[in-house]
Each structure stands twice: as C-alpha cells, then as structure tokens.
Amino acid sequence: MLKVLKPGFFTTVQDCGRFGYRDKGVPVSGAMDMISASRLNALLENKACASVLEITMTGPTLLFENDTYIALAGALLSPTLNNEPIDNYKVYKVAKGDILSYGRLEKGFRSYLAVKDGFKAPSMLGSMSQYYPLTDTKCISEFQEINFEECTSFEPKISELKMDTYLDFNYLEVFKAPEYDLLNDGQLTAIFSKEFSISKENNRMAYQLNETIEGHSTTILTSATQPGTIQLTPAGKLIILMKDGQTTGGYPRILQLSEEAICVLAQKKSTDKLIFKMV
Amino acid sequence: MKSYPITLKEFGRKGILVEWPNEVEEAILDDIIRFKSILEKELNDNIELVPAYNSIAIISNNGDFEFEKLKKELLQLYKTNKATLKKQRTLWKLPVCYDAEFGIDLEEVAFNLKMTSSELIEIHSSNEYRVFGIGFLPGFMYLGGLPKHIETKRKETPRLKVVKGAVGLAGKQTGIYPQESPGGWNIIGNCPIPIFNANAEKPCFVSVGDKIKFESITRAEYELHKIEGEVGIYKPEKILLDA
Chain E
26 MLKVLKPGFF TTVQDCGRFG YRDKGVPVSG AMDMISASRL NALLENKACA SVLEITMTGP
86 TLLFENDTYI ALAGALLSPT LNNEPIDNYK VYKVAKGDIL SYGRLEKGFR SYLAVKDGFK
146 APSMLGSMSQ YYPLTDTKCI SEFQEINFEE CTSFEPKISE LKMDTYLDFN YLEVFKAPEY
206 DLLNDGQLTA IFSKEFSISK ENNRMAYQLN ETIEGHSTTI LTSATQPGTI QLTPAGKLII
266 LMKDGQTTGG YPRILQLSEE AICVLAQKKS TDKLIFKMV
Chain L
385 MKSYPITLKE FGRKGILVEW PNEVEEAILD DIIRFKSILE KELNDNIELV PAYNSIAIIS
445 NNGDFEFEKL KKELLQLYKT NKATLKKQRT LWKLPVCYDA EFGIDLEEVA FNLKMTSSEL
505 IEIHSSNEYR VFGIGFLPGF MYLGGLPKHI ETKRKETPRL KVVKGAVGLA GKQTGIYPQE
565 SPGGWNIIGN CPIPIFNANA EKPCFVSVGD KIKFESITRA EYELHKIEGE VGIYKPEKIL
625 LDA
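Sequence order for the protein chains is E and L. According to the working numbering, the residues represented by the first sequence are 26 to 304, in order. According to the working numbering, the residues represented by the second sequence are 385 to 627, in order.
Because the hints were derived from the structure by calculation, they are not lab data. All C-beta atoms, glycine included, are put in the ideal place defined by N, C-alpha and C. Among the hints, a few may not be true.
According to the in silico footprint, chain L covers these stretches of chain E (three or more CB under 8 Å from chain L) [what the hints assert, rightly or not]:
{"id": "1", "segment": "195 to 203"}
{"id": "2", "segment": "231 to 240"}
{"id": "3", "segment": "290 to 298"}
Under the rule of at most 25 Å between Cα atoms (straight-line distance), these lysine to any residue pairs were calculated in the SDA-like manner [unchecked claim]:
{"id": "4", "chain 1": "L", "residue 1": "K398", "chain 2": "E", "residue 2": "L213"}
{"id": "5", "chain 1": "E", "residue 1": "K145", "chain 2": "E", "residue 2": "T190"}
{"id": "6", "chain 1": "L", "residue 1": "K398", "chain 2": "E", "residue 2": "E90"}
{"id": "7", "chain 1": "L", "residue 1": "K455", "chain 2": "E", "residue 2": "G275"}
{"id": "8", "chain 1": "E", "residue 1": "K302", "chain 2": "L", "residue 2": "E394"}
{"id": "9", "chain 1": "L", "residue 1": "K393", "chain 2": "E", "residue 2": "T214"}
{"id": "10", "chain 1": "L", "residue 1": "K477", "chain 2": "L", "residue 2": "K456"}
{"id": "11", "chain 1": "L", "residue 1": "K545", "chain 2": "E", "residue 2": "E226"}
{"id": "12", "chain 1": "L", "residue 1": "K398", "chain 2": "E", "residue 2": "S283"}
{"id": "13", "chain 1": "L", "residue 1": "K463", "chain 2": "L", "residue 2": "K545"}
{"id": "14", "chain 1": "E", "residue 1": "K163", "chain 2": "L", "residue 2": "G568"}
{"id": "15", "chain 1": "L", "residue 1": "K455", "chain 2": "E", "residue 2": "F44"}
{"id": "16", "chain 1": "E", "residue 1": "K28", "chain 2": "E", "residue 2": "M149"}
{"id": "17", "chain 1": "E", "residue 1": "K294", "chain 2": "E", "residue 2": "E220"}
{"id": "18", "chain 1": "L", "residue 1": "K453", "chain 2": "E", "residue 2": "D206"}
{"id": "19", "chain 1": "E", "residue 1": "K201", "chain 2": "L", "residue 2": "L392"}
{"id": "20", "chain 1": "E", "residue 1": "K201", "chain 2": "L", "residue 2": "K398"}
{"id": "21", "chain 1": "L", "residue 1": "K556", "chain 2": "L", "residue 2": "N511"}
{"id": "22", "chain 1": "L", "residue 1": "K597", "chain 2": "E", "residue 2": "K187"}
{"id": "23", "chain 1": "L", "residue 1": "K498", "chain 2": "L", "residue 2": "Q557"}
{"id": "24", "chain 1": "L", "residue 1": "K537", "chain 2": "E", "residue 2": "G275"}
{"id": "25", "chain 1": "L", "residue 1": "K595", "chain 2": "E", "residue 2": "I245"}
{"id": "26", "chain 1": "L", "residue 1": "K619", "chain 2": "E", "residue 2": "G151"}
{"id": "27", "chain 1": "E", "residue 1": "K201", "chain 2": "L", "residue 2": "Q557"}
{"id": "28", "chain 1": "L", "residue 1": "K456", "chain 2": "E", "residue 2": "Y205"}
{"id": "29", "chain 1": "L", "residue 1": "K556", "chain 2": "E", "residue 2": "T244"}
{"id": "30", "chain 1": "L", "residue 1": "K425", "chain 2": "E", "residue 2": "L150"}
{"id": "31", "chain 1": "L", "residue 1": "K545", "chain 2": "E", "residue 2": "E198"}
{"id": "32", "chain 1": "E", "residue 1": "K187", "chain 2": "E", "residue 2": "T244"}
{"id": "33", "chain 1": "L", "residue 1": "K455", "chain 2": "E", "residue 2": "E198"}
{"id": "34", "chain 1": "E", "residue 1": "K225", "chain 2": "L", "residue 2": "R543"}
{"id": "35", "chain 1": "L", "residue 1": "K539", "chain 2": "E", "residue 2": "T258"}
{"id": "36", "chain 1": "L", "residue 1": "K455", "chain 2": "E", "residue 2": "I245"}
{"id": "37", "chain 1": "L", "residue 1": "K548", "chain 2": "E", "residue 2": "Q271"}
{"id": "38", "chain 1": "L", "residue 1": "K453", "chain 2": "E", "residue 2": "E285"}
{"id": "39", "chain 1": "L", "residue 1": "K548", "chain 2": "E", "residue 2": "L150"}
{"id": "40", "chain 1": "L", "residue 1": "K463", "chain 2": "L", "residue 2": "S421"}
Working from the sequences, and respecting the hints, build out all of it.
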C-alpha cells in the first residue's frame with residue numbers, strides 16, 4: 026500500500042486507457058506520455074499496460090507501507106527517497122516506511138511513478154485510468170491509500186535505461202486529418218512556419234495554443250475526434266485534443282499528432298514554445 | 385438501397401474517416417449503420433468504429449493503417465456489399481418529468497414560442513427523434529428531428545451546473561445531460577433513468593441510429609423510476625420498428 030501524505034497538484038492513476046467505448050462517448054484516457062509509462066513498465070518487467078501514477082507539475086509526498094521496487098520517468102521533478110535524490114529510469118528498492126517526495130520542476134510537466142506489478146485501483150470499463158465521473162474520483166487525495174502487491178525480491182534484467190531526449194523536443198510531428206484540405210496556402214504557411222506557445226488552457230482534455238492563424242467559416246457536422254487531433258476554430262485558434270478529450274467534435278480537424286508528438290506535448294506547460302513538422 | 389458517393393480521408397496513421405454527403409438525413413444515417421455492420425464483420429477486432437451524422441471513423445487501437453491500401457478495400461467493400469440493413473430499428477421510450485421543479489426553463493421557452501407549457505410538452509413528447517451521434521460526454525446523444533416550431537435559442541449565458549438527467553432544447557437539438565455538467569441548453573424536464581451507467585454490463589443501451597421517444601411522467605412515477613434506475617432494475621421500454 027502507498028499512503029498519500031500530500032497529493033501534489035494533480036496526480037492520477039493511469040494505464041494504457043479505456044478502449045471500445047468511443048462510440049458511446051467515452052474518452053480513451055490513459056497516460057498522457059505513454060513513452061514514459063511504457064518504458065517504466067518494461068524496466069520493472071510489468072505487464073505493458075500496468076497502472077502508474079501520473080504526476081503533474083507539483084509532486085506528491087508518498088509513504089510506502091510495503092516493500093516493493095519503483096522507477097520514475099518523464100518530467101524532472103527533483104525526486105527524493107528518504108531525502109536522498111534519485112534519478113529517472115533506475116530501479117530502486119523501497120522498504121516499508123520509506124518516503125518518496127518531489128521538489129522543483131526542472132524539465133517537462135508530467136512525471137511518472139511505477140511500482141513492481143503496477144498499482145491496483147478500481148477498474149471501470151476495462152481500465153484503471155481515472156476519469157471522473159466514470160471513476161469515483163478525479164485524482165488522488167490526501168491520506169488516500171493506493172494498493173499494490175508487495176514484492177520483496179526482484180532482480181531486474183536491466184537496472185537502468187538511458188535518459189530520454191524527447192523532453193527537449195520543440196517540435197510536434199503531424200499527419201493529415203480529415204479537414205486538412207480546407208487549409209489555404211496562407212494558413213498552411215502560418216502553421217508550418219510560425220512558432221506557437223502553449224496557452225494556460227491546457228489539461229488532460231485539451232491543449233490550446235496562444236497564437237492564432239487566419240480563421241474560417243466552414244461548418245462540419247459533428248464527427249469523431251481522437252487524442253492528438255488538432256481542431257481549428259472559426260476564430261483561428263488551434264485546439265489540440267488530448268487523452269481525456271471528447272470523442273466527437275464540430276470544429277474542422279486539420280492535423281493529427283503522431284503518438285510520439287502526444288508524449289512530447291504532454292511534457293509542455295503554459296508559455297512553452299513549439300513548431301509543427303509534417304511527416 | 386441507395387448508394388452514396390463516399391469519400392475516404394486520412395485521419396493520422398491510426399485513423400481513416402469514411403464520409404457521406406454533408407447533410408443531416410435519415411437515409412444517410414441508415415446507409416452509415418448498414419456499412420458499419422459490414423465493417424464490424426470484415427475488419428479485425430483491434431479497431432473502433434465511431435459513427436456520427438455523415439461519417440464513420442475507423443480507429444486502430446493497435447498498428448498503423450496503410451491509407452491507400454485500406455481506402456481501396458473500403459471502397460470495394462462499399463460497392464460490392466449490398467447486404468441490406470436489418471429491417472428493424474430500435475425505438476427507446478424514455479420517461480421525462482416536465483414538472484416545474486425540473487423544467488426550470490419550460491415556462492420561459494413556451495412563452496417565447498407563443499404556446500402554453502402543456503402544448504410544448506405535448507409536442508416534445510409526441511415526436512420521435514433519431515440518434516445521429518453520441519459524444520461530448522459519455523452517453524450524450526445528438527438527437528435529430530426536433531419539430532421546427534419548437535426550435536429555440538441556446539441560453540445567452542450557460543449555466544455552470546446542469547443536473548444529471550436534465551432534458552434540454554437548443555437550436556435544432558434536444559437531448560439529455562447524462563451527467564452533471566456546465567451547459568447552455570434550455571432545461572425543460574428530467575429523465576430519471578441513467579443513459580450511461582459505467583457499472584452496467586452494457587454501459588449505454590442506446591446506439592447511433594436508434595430512435596428515441598420521450599414519455600411525460602408524473603412526479604410520483606419519476607421518484608419510482610429514479611429508485612429503479614439507481615438499483616439497476618429499471619428496463620427502458622424497447623420497441624422494434626420496421627425500417
């Protein structure tokens with residue numbers, strides 16, 4: 026068991042997501058940065074979609090009530106285990122009574138914590154990913170206890186992975202989306218030459234960008250969207266849907282982020298800058 | 385059954401959009417539902433199909449699609465497979481209590497439409513609606529077929545909180561809020577049974593293409609259905625219609 030002494034700004038349980046219910050309006054959810062989540066599960070030799078904690082901006086303080094092995098990935102949040110600094114992508118043994126806490130945000134925006142065999146949270150529609158009100162709670166809260174199975178001995182095949190470079194990427198790889206052909210030359214030039222910055226309107230549902238491009242007056246009938254879909258509003262604003270984003274929308278879908286680009290964007294925060302690259 | 389000029393569009397590497405003419409029409413929706421049932425048989429399990437109004441998105445939950453190859457296959461499938469739509473359509477009768485306590489905008493809307501509240505209730509609950517899409521929130525239905533003379537403007541200032549089950553009117557649309565949410569629709573009643581229940585074996589009994597009819601119920605019936613809904617014993621009335 027893990028006891029939450031302080032929940033941090035916004036910490037959630039996430040796995041690969043909830044599939045098979047998009048036609049009923051249920052978002053996919055799952056870890057925003059799947060690169061981090063997958064690599065942690067690989068490192069701890071967990072199932073590929075075992076649940077991890079997704080820690081946003083300000084980290085929690087967590088007390089381990091059982092022995093296990095942990096690993097961290099994603100944003101650099103100055104983590105310490107019993108006040109000793111620890112690193113991303115290394116397996117650490119933790120014992121009952123150990124305290125994991127976080128400090129200053131140095132790079133990225135979302136950090137991930139995995140334990141051996143994953144966290145055990147209530148599963149709804151085949152996923153433990155927190156998405157309210159499908160799950161009873163939005164995020165973890167003070168004094169909550171999160172289950173995992175105790176593990177007293179584990180010999181990892183690899184005890185350390187190389188650091189990721191995508192935290193430094195300042196570009197997003199994109200593909201065409203259904204309304205790509207609506208873009209005129211001016212709009213295309215603007216999208217692929219301008220630098221955009223992240224608006225303060227950014228969360229697990231969507232990231233808005235501050236800079237606008239030329240608007241439009243095209244209306245489309247409500248149609249499916251995906252995580253990573255870039256919508257263009259009539260006023261020329263770009264909205265990038267993320268993992269908890271709605272499954273249908275009425276704005277033209279001009280571009281679609283690659284899966285890696287979704288992870289890159291998940292590590293960006295308000296005012297961070299980026300450019301788009303067509304694959 | 386009529387064939388339409390369908391177009392196929394790239395939607396990233398894991399998505400492809402099949403699109404019908406840009407019109408809200410029941411015949412188009414019928415063709416979409418027909419093609420969807422063919423796709424369910426022909427495509428593998430690791431995909432999701434999301435139909436709405438004039439499109440079906442085919443989304444892979446596994447590997448990437450080869451757009452050009454799949455495009456050819458889909459066009460071929462559409463052309464050659466004339467399997468007709470199963471002859472029946474599902475109509476769900478959903479209870480709605482239009483009491484003033486729930487229908488907080490009912491009087492104002494009726495006044496603006498120059499009719500009485502009971503006339504508005506009568507029109508709203510005697511019409512049949514078609515589910516053209518489900519999205520925005522889990523279980524939120526986009527219903528088409530609202531009679532023109534009860535079309536009403538969205539509220540100028542959206543409410544921060546609309547309760548679960550609220551039945552609303554906005555523009556050409558009517559629908560039910562499946563969960564508490566901010567919203568700008570005019571609220572005329574409340575449906576006591578959950579449209580979306582994550583604990584149920586089938587979390588949402590309604591599918592795109594189904595029909596919906598609202599049935600005006602009393603406050604006492606509302607309370608009864610609410611409890612039945614909460615404990616999971618309420619079964620919405622289902623009628624199979626010939627298409």
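Hint-by-hint comparison with the structure:
Closer than 8 Å: that is the beta-carbon criterion, and the segment 195 to 203 of chain E has 4 residues meeting it against chain L, so the requirement of 3 holds. A stretch counts as covered by a chain when three or more of its residues have a beta carbon under 8 Å from one of that chain; for the segment 231 to 240 of chain E and chain L the count is 0, and the coverage is violated. Coverage of the segment 290 to 298 of chain E by chain L is violated in this model, with 0 residues showing a Cβ closer than 8 Å to a Cβ of that chain against a need of three. Only pairs whose Cα atoms come within 25 Å are accepted, and K398/L paired with L213/E is accepted, the gap being roughly 23 Å.
Our distance criterion of 25 Å between C-alpha atoms is broken by K145/E and T190/E, whose separation comes to about 30 Å. Of the supplied pair hints, the one linking K398/L and E90/E is violated, its CA atoms being roughly 42 Å apart against a limit of 25 Å. Annotation: proposed proximity of K455/L to G275/E holds, straight-line Cα distance about 24 Å (limit 25 Å). For the hint linking K302/E to E394/L, the alpha-carbon distance of about 17 Å falls within 25 Å, and the restraint holds.
A distance of roughly 22 Å separates the Cα atoms of K393/L and T214/E; the hinted pair therefore holds under the 25 Å criterion. For the suggested pair K477/L and K456/L, the alpha carbons sit about 41 Å apart, so the restraint of at most 25 Å is broken. For the given pair, K545/L sits about 20 Å from E226/E by alpha-carbon distance, which is consistent with the 25 Å threshold. A distance of roughly 9 Å separates the Cα atoms of K398/L and S283/E; the hinted pair therefore holds under the 25 Å criterion.
The straight-line distance between the Cα atoms of K463/L and K545/L is roughly 47 Å, outside the 25 Å bound, and the hint therefore fails. Annotation: proposed proximity of K163/E to G568/L holds, straight-line Cα distance about 24 Å (limit 25 Å). Between K455/L and F44/E, the direct Cα distance comes to roughly 24 Å. Compliance with the 25 Å bound is thereby established for this hinted pair. Under the criterion of a C-alpha separation no larger than 25 Å, the hint pairing K28/E with M149/E is consistent with the structure, at around 22 Å.
Under the criterion of a C-alpha separation no larger than 25 Å, the hint pairing K294/E with E220/E is consistent with the structure, at around 15 Å. Restraint check for K453/L and D206/E: the C-alpha separation of about 20 Å stays at or below 25 Å, so the hint holds. Restraint check for K201/E and L392/L: the C-alpha separation of about 12 Å stays at or below 25 Å, so the hint holds. Proposed proximity of K201/E and K398/L is supported: the alpha carbons are some 11 Å apart, at most 25 Å.
Taking the CA atoms of K556/L and N511/L, the gap is about 14 Å. The hint holds against a cut of 25 Å. For the hint pairing K597/L with K187/E, the CA-to-CA distance comes to about 59 Å; that exceeds 25 Å, so the pair is violated. Under the criterion of a C-alpha separation no larger than 25 Å, the hint pairing K498/L with Q557/L is consistent with the structure, at around 19 Å. Taking the CA atoms of K537/L and G275/E, the gap is near 18 Å; set against the 25 Å cutoff, the hint holds.
For the hint linking K595/L to I245/E, the alpha-carbon distance of about 23 Å falls within 25 Å, and the restraint holds. Restraint check: the Cα-Cα separation between K619/L and G151/E comes to about 24 Å, which is no more than 25 Å; the hinted pair holds. As the CA atoms of K201/E and Q557/L are separated by approximately 31 Å, the hinted pair breaks the 25 Å bound. At most 25 Å may separate the alpha-carbon atoms for a hinted pair to count; K456/L and Y205/E meet this at roughly 20 Å.
Note on K556/L and T244/E: the hinted pairing holds, with a Cα-Cα distance of about 15 Å set against a maximum of 25 Å. Distance hint between K425/L and L150/E is fulfilled; the C-alpha atoms sit about 23 Å from each other, no more than 25 Å. With a C-alpha separation of about 38 Å, the suggested pairing of K545/L with E198/E is violated against the 25 Å cut-off. For the proposed pair K187/E and T244/E, the alpha carbon gap of about 47 Å is over 25 Å, so the pair is violated.
Straight-line distance between C-alpha atoms of K455/L and E198/E comes to about 23 Å, which keeps the hinted pair within the 25 Å bound. The straight-line distance between the Cα atoms of K225/E and R543/L is roughly 23 Å, inside the 25 Å bound, and the hint therefore holds. Taken as a hint, the K539/L and T258/E pair is honoured in the structure, with Cα atoms around 21 Å apart against an allowance of 25 Å. Between K455/L and I245/E, the direct Cα distance comes to roughly 22 Å. Compliance with the 25 Å bound is thereby established for this hinted pair.
Proximity of K548/L to Q271/E is assessed by CA-CA distance (about 18 Å); at most 25 Å being required, the pair is judged to hold. With a CA separation close to 24 Å, the supplied pair K453/L and E285/E stays within the 25 Å bound. The hinted pair formed by K548/L and L150/E meets the criterion: a straight-line CA distance of about 20 Å does not exceed 25 Å. As the CA atoms of K463/L and S421/L are separated by approximately 15 Å, the hinted pair is consistent with the 25 Å bound.
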